[in-house]
Amino acid sequence: MIGKAKSPRRKRSTLKRNFVTPEGVDLQLTLGSAGERAGAFLIDLIIMFAILIAASLITAALFNGFGSAADPVFAIIWLLGFFILRNFWFTLFEMGGQGATPGKRLMGLRVVARDGARLSGAAVVTRNALREIEIFLPFSLLAATGVEGSNTDAYIWAALLWSGLFLFLPLFNRDRLRAGDMLAGTWVVQVVKNDLAFDLTAATSERQRTHFTDQALDLYGEFELQTLEDVLRRNDPEAIRIVAQTIRSKLSLPDDGDDYNFLFDYYAALCARLEKGMMLGKRRADKFKNA
Amino acid sequence: MSTPVGSDVIYLNTTRLRLACEADWDRLDHIVSLLEKKSAKSLDDDDLLALPVLYRGALSSLSVARETSLDRSLARYLEQLCTRAYFQIYGVKVSGWRQVANFFADGWPGAVRDIWRETLVALLLTVLGTLLGYFLVRGDPSWFFDLMPGGMAQGRDPTASVQALSKTLYDPGKEGFLGIFATALFTHNSQTALFAFALGFAFGLPTAMLLIYNGVLLGALFAVFASKGLGAPFASWIMIHGTTELFAIMLAGAAGFRIGTAVAFPGPLARLDAAVQAGRTAGLVMLGVVAMLLVAGILEGVGRQTILVDWQRAAIGSIMLFCWLTYFYLPRRHNHDR
Numbered sequence: 001m002i003g004k005a006k007s008p009r010r011k012r013s014t015l016k017r018n019f020v021t022p023e024g025v026d027l028q029l030t031l032g033s034a035g036e037r038a039g040a041f042l043i044d045l046i047i048m049f050a051i052l053i054a055a056s057l058i059t060a061a062l063f064n065g066f067g068s069a070a071d072p073v074f075a076i077i078w079l080l081g082f083f084i085l086r087n088f089w090f091t092l093f094e095m096g097g098q099g100a101t102p103g104k105r106l107m108g109l110r111v112v113a114r115d116g117a118r119l120s121g122a123a124v125v126t127r128n129a130l131r132e133i134e135i136f137l138p139f140s141l142l143a144a145t146g147v148e149g150s151n152t153d154a155y156i157w158a159a160l161l162w163s164g165l166f167l168f169l170p171l172f173n174r175d176r177l178r179a180g181d182m183l184a185g186t187w188v189v190q191v192v193k194n195d196l197a198f199d200l201t202a203a204t205s206e207r208q209r210t211h212f213t214d215q216a217l218d219l220y221g222e223f224e225l226q227t228l229e230d231v232l233r234r235n236d237p238e239a240i241r242i243v244a245q246t247i248r249s250k251l252s253l254p255d256d257g258d259d260y261n262f263l264f265d266y267y268a269a270l271c272a273r274l275e276k277g278m279m280l281g282k283r284r285a286d287k288f289k290n291a
Numbered sequence: 292m293s294t295p296v297g298s299d300v301i302y303l304n305t306t307r308l309r310l311a312c313e314a315d316w317d318r319l320d321h322i323v324s325l326l327e328k329k330s331a332k333s334l335d336d337d338d339l340l341a342l343p344v345l346y347r348g349a350l351s352s353l354s355v356a357r358e359t360s361l362d363r364s365l366a367r368y369l370e371q372l373c374t375r376a377y378f379q380i381y382g383v384k385v386s387g388w389r390q391v392a393n394f395f396a397d398g399w400p401g402a403v404r405d406i407w408r409e410t411l412v413a414l415l416l417t418v419l420g421t422l423l424g425y426f427l428v429r430g431d432p433s434w435f436f437d438l439m440p441g442g443m444a445q446g447r448d449p450t451a452s453v454q455a456l457s458k459t460l461y462d463p464g465k466e467g468f469l470g471i472f473a474t475a476l477f478t479h480n481s482q483t484a485l486f487a488f489a490l491g492f493a494f495g496l497p498t499a500m501l502l503i504y505n506g507v508l509l510g511a512l513f514a515v516f517a518s519k520g521l522g523a524p525f526a527s528w529i530m531i532h533g534t535t536e537l538f539a540i541m542l543a544g545a546a547g548f549r550i551g552t553a554v555a556f557p558g559p560l561a562r563l564d565a566a567v568q569a570g571r572t573a574g575l576v577m578l579g580v581v582a583m584l585l586v587a588g589i590l591e592g593v594g595r596q597t598i599l600v601d602w603q604r605a606a607i608g609s610i611m612l613f614c615w616l617t618y619f620y621l622p623r624r625h626n627h628d629r
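Sequences listed follow chains P and U, in order.
Each residue of the first sequence is one higher than the one before, counting from 1 in this note's numbering.
Each residue of the second sequence is one higher than the one before, counting from 292 in this note's numbering.
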């Protein structure tokens, strides 16, 4: 390795936000990324179009013998149906207990009031009314560029540029807020659901644990410990082999051929030592810092 | 330092915490999963009573885990468990119907009363636009074609004959052309309402322009009919749903103004906070505006196609207006905080 050793944790803006419950505990919510939000919206859009197409097909089947008599019905489905669908779809689903449209649920997102209060119906309507100018206005303008004559082009492009500002607004603020989120006082957070992973420090077999000296355990801090935890939980043989070799060479220990158990024991011992320090108020963030 | 050997458990804080509380976490997880899939009714009494206790227990486990343990998977698990439980406990509505009832009894009219100044401005702008459109087209009918967007007029222009114009007012609307026209008009007007609201935060300027333009269209159409002596029939044709619909558009515009003024003059608050606070009232108004637009759509789609007598149309329009005004502005005896 050439060059100065840098702290492995770079400072960067994350999507983690403090969210303190009335009980005074910070839940540390993670905001939905712009990509996830766009994905959720696309899923919703696809479902809505599927509904409209299905309605059209059913109408076509019902009016089979009438020929052009069905034409106005199609127009009504696509004009009124799409309007009502897109305005009520988001509002009704987000007012429900899940606070999320089907697309958001699939992407693991939900709408939450920024101040931690209950999400009100008014807030949901506000954030979705703004959607009209954020997304559907730019898109209808975009569609218009293909249809209208050339004399309106300049006007339409100017309008498109202006409304495009709203479309990309979430990319330009730290909290990934749409204009609708800003006004309604809401934001979109990730809802993860995971099971409790097994306890890595508990013994699982009748094996002898490896002992480590204090010196050996002084090598690393919390960051390395948690990286080691990830490696063990992922259980990728190649990664385990490399990590075990690195630690062994640093401690100049002989290779006993059992990489996983070696790391397993080292993790438990390191965890015990760091937790003990923690209880005494001595935390060690990573290997570059001293306790 | 030596660590215990063999099958002896290493008593780390992580392990101790897990041993002490894991059963409770599992139960909370189970209850929350049930709530997420179904409603609160699917829980039995024991679980329902246990929920807040388990939730608080999990929260304190989370605090303990963060301060004493380095097991990241444990902290992550407790974070997601507490977050999910939090949303089920604090995020879910009391009761859908109670909320709806509260909204119509108190929330909506209260919010509408709250923005009466803005509503008055919206009314003024609409009237101004209407007069403008009317006098422009009466003075020079060729203005009509400049004011009206291409497909909107559908043959109701200054060149049309009296019979043709009159027919557009009384045609009961065979399935087909008029159906589409009514649909397009409804969509157009609802969109105008949404835009008037949504564009409000640009200091209210686009909202003002939209309201004036909406008035101009109305005035221009009125001028066309009035010049052929069909002023009164046209007025009643508009009135049957227009009192509701135009009122809704004005309220939407007023809600937009409320946000626009909050953004322009936030007072002691931060600009964004002022916008959120204004957005709360404005959002309540909008929620009701959607309902008003639906009523207007029904009046337009059904009422106007079946009722073909002028005075009846005008009477329905006036009664609707009277109802809305009474509902919104009649003083109430009890006025809870919203």
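Quick caveat, the hints were computed from the structure, so don't treat them as lab data.
Incorrect hints may have been included.
Stated by the list, open to error - In silico lysine-lysine, DSBU-like type, Cα no more than 30 Å apart, as pairs:
| no. | chain 1 | residue 1 | chain 2 | residue 2 |
| --- | --- | --- | --- | --- |
| 1 | U | 328 | P | 16 |
| 2 | P | 289 | P | 250 |
| 3 | U | 458 | P | 193 |
| 4 | P | 250 | P | 287 |
| 5 | U | 329 | P | 289 |
| 6 | P | 16 | P | 276 |
| 7 | P | 276 | P | 250 |
| 8 | P | 193 | U | 519 |
| 9 | U | 458 | U | 519 |
Said to hold, decoys possible - Not everything, but these chain P residues come out facing chain U in the computed CB check (under 10 Å):
| no. | residue |
| --- | --- |
| 10 | 82 |
| 11 | 251 |
| 12 | 254 |
| 13 | 257 |
For clarity, every value in this text was computed on a predicted model and none was experimentally measured.
Just so you know, even glycine gets a beta-carbon here, dropped at the ideal spot from N, CA and C.
- Query: Which numbered hints are broken by the structure, listed smallest first?
  - Reply: 3, 5, 8, 11, 12 and 13
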